[in-house]
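Could you build all of it, start to finish, from the sequences and the hints given here?
Residue numbers (this note's numbering), protein chains in the order written: chain D, 238 to 318; chain E, 238 to 318.
Derived by calculation from the structure, the hints in this document are not laboratory data. A portion of the hints provided could be inaccurate.
In this list, chains with the same sequence are indistinguishable; a pair is considered to hold if it fits within one copy or across any two.
Listed below are the simulated SDA-like cross-link pairs for lysine to any residue, each with C-alpha atoms no more than 20 Å apart in a straight line [stated by the list, open to error]:
#1 K248 - R313
#2 K302 - R275
#3 K278 - G267
#4 K302 - L263
#5 K248 - E291
#6 K297 - E315
#7 K297 - E272
#8 K248 - Q283
#9 K248 - V309
#10 K297 - T286
#11 K302 - G261
#12 K297 - S242
#13 K240 - S250
#14 K302 - Q283
#15 K248 - G267
Number of protein chains: 2
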Amino acid sequence: MIKASVYVTIKQSVLDPQGVAVQGALHSMGFREVESLRIGKYMELQLDTNDRFEAEARVKAMCEKLLANTVVEDYRFELEG
Amino acid sequence: MIKASVYVTIKQSVLDPQGVAVQGALHSMGFREVESLRIGKYMELQLDTNDRFEAEARVKAMCEKLLANTVVEDYRFELEG
Numbered sequence: 238m239i240k241a242s243v244y245v246t247i248k249q250s251v252l253d254p255q256g257v258a259v260q261g262a263l264h265s266m267g268f269r270e271v272e273s274l275r276i277g278k279y280m281e282l283q284l285d286t287n288d289r290f291e292a293e294a295r296v297k298a299m300c301e302k303l304l305a306n307t308v309v310e311d312y313r314f315e316l317e318g
Numbered sequence: 238m239i240k241a242s243v244y245v246t247i248k249q250s251v252l253d254p255q256g257v258a259v260q261g262a263l264h265s266m267g268f269r270e271v272e273s274l275r276i277g278k279y280m281e282l283q284l285d286t287n288d289r290f291e292a293e294a295r296v297k298a299m300c301e302k303l304l305a306n307t308v309v310e311d312y313r314f315e316l317e318g
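If you want it as structure tokens, here you go:
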């Protein structure tokens, strides 16, 4: 069993309206030290395999095909176990 | 300038319908090794402070008050810089 942690973030050049909104909310609550805030997705997958090399290729394929929109998003992942 | 990475995940005892849907989509695409998948949020904050101790308390307060719904979500964060 391998655990994969996938991080999907909006590319730096792309506007993140959700992040801007949350930053505005934090400012109005008094957290004025927040200079920027960007929101992404974090996914934890349990994979029924023990082949780390294969798992790496498979998770990469999942990210490219479904988990991330590579036009506007970046992704990275870590494998454990 | 301190960078905070905040991870907000749905508690293990709480159903994650978005994760179930994505897992179903992966299965139907042939990624049958995915045993479970849970989706959370990942936030990157740039904080205009150099006081790590203060930053830790402030980010904790942001999570408790806005970034996480502690009834159904867990959070953790890391500070860098």
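Against the structure, the hints:
{"no.": "1", "hint": "K248 - R313", "in the structure": "within (12 Å within a copy, 23 Å between copies)"}
{"no.": "2", "hint": "K302 - R275", "in the structure": "between (23 Å within a copy, 18 Å between copies)"}
{"no.": "3", "hint": "K278 - G267", "in the structure": "neither (26 Å within a copy, 23 Å between copies)"}
{"no.": "4", "hint": "K302 - L263", "in the structure": "between (34 Å within a copy, 9 Å between copies)"}
{"no.": "5", "hint": "K248 - E291", "in the structure": "neither (27 Å within a copy, 29 Å between copies)"}
{"no.": "6", "hint": "K297 - E315", "in the structure": "within (11 Å within a copy, 25 Å between copies)"}
{"no.": "7", "hint": "K297 - E272", "in the structure": "between (32 Å within a copy, 17 Å between copies)"}
{"no.": "8", "hint": "K248 - Q283", "in the structure": "between (26 Å within a copy, 16 Å between copies)"}
{"no.": "9", "hint": "K248 - V309", "in the structure": "within (6 Å within a copy, 29 Å between copies)"}
{"no.": "10", "hint": "K297 - T286", "in the structure": "within (15 Å within a copy, 36 Å between copies)"}
{"no.": "11", "hint": "K302 - G261", "in the structure": "between (33 Å within a copy, 14 Å between copies)"}
{"no.": "12", "hint": "K297 - S242", "in the structure": "within (12 Å within a copy, 23 Å between copies)"}
{"no.": "13", "hint": "K240 - S250", "in the structure": "between (30 Å within a copy, 19 Å between copies)"}
{"no.": "14", "hint": "K302 - Q283", "in the structure": "within (18 Å within a copy, 31 Å between copies)"}
{"no.": "15", "hint": "K248 - G267", "in the structure": "neither (28 Å within a copy, 28 Å between copies)"}
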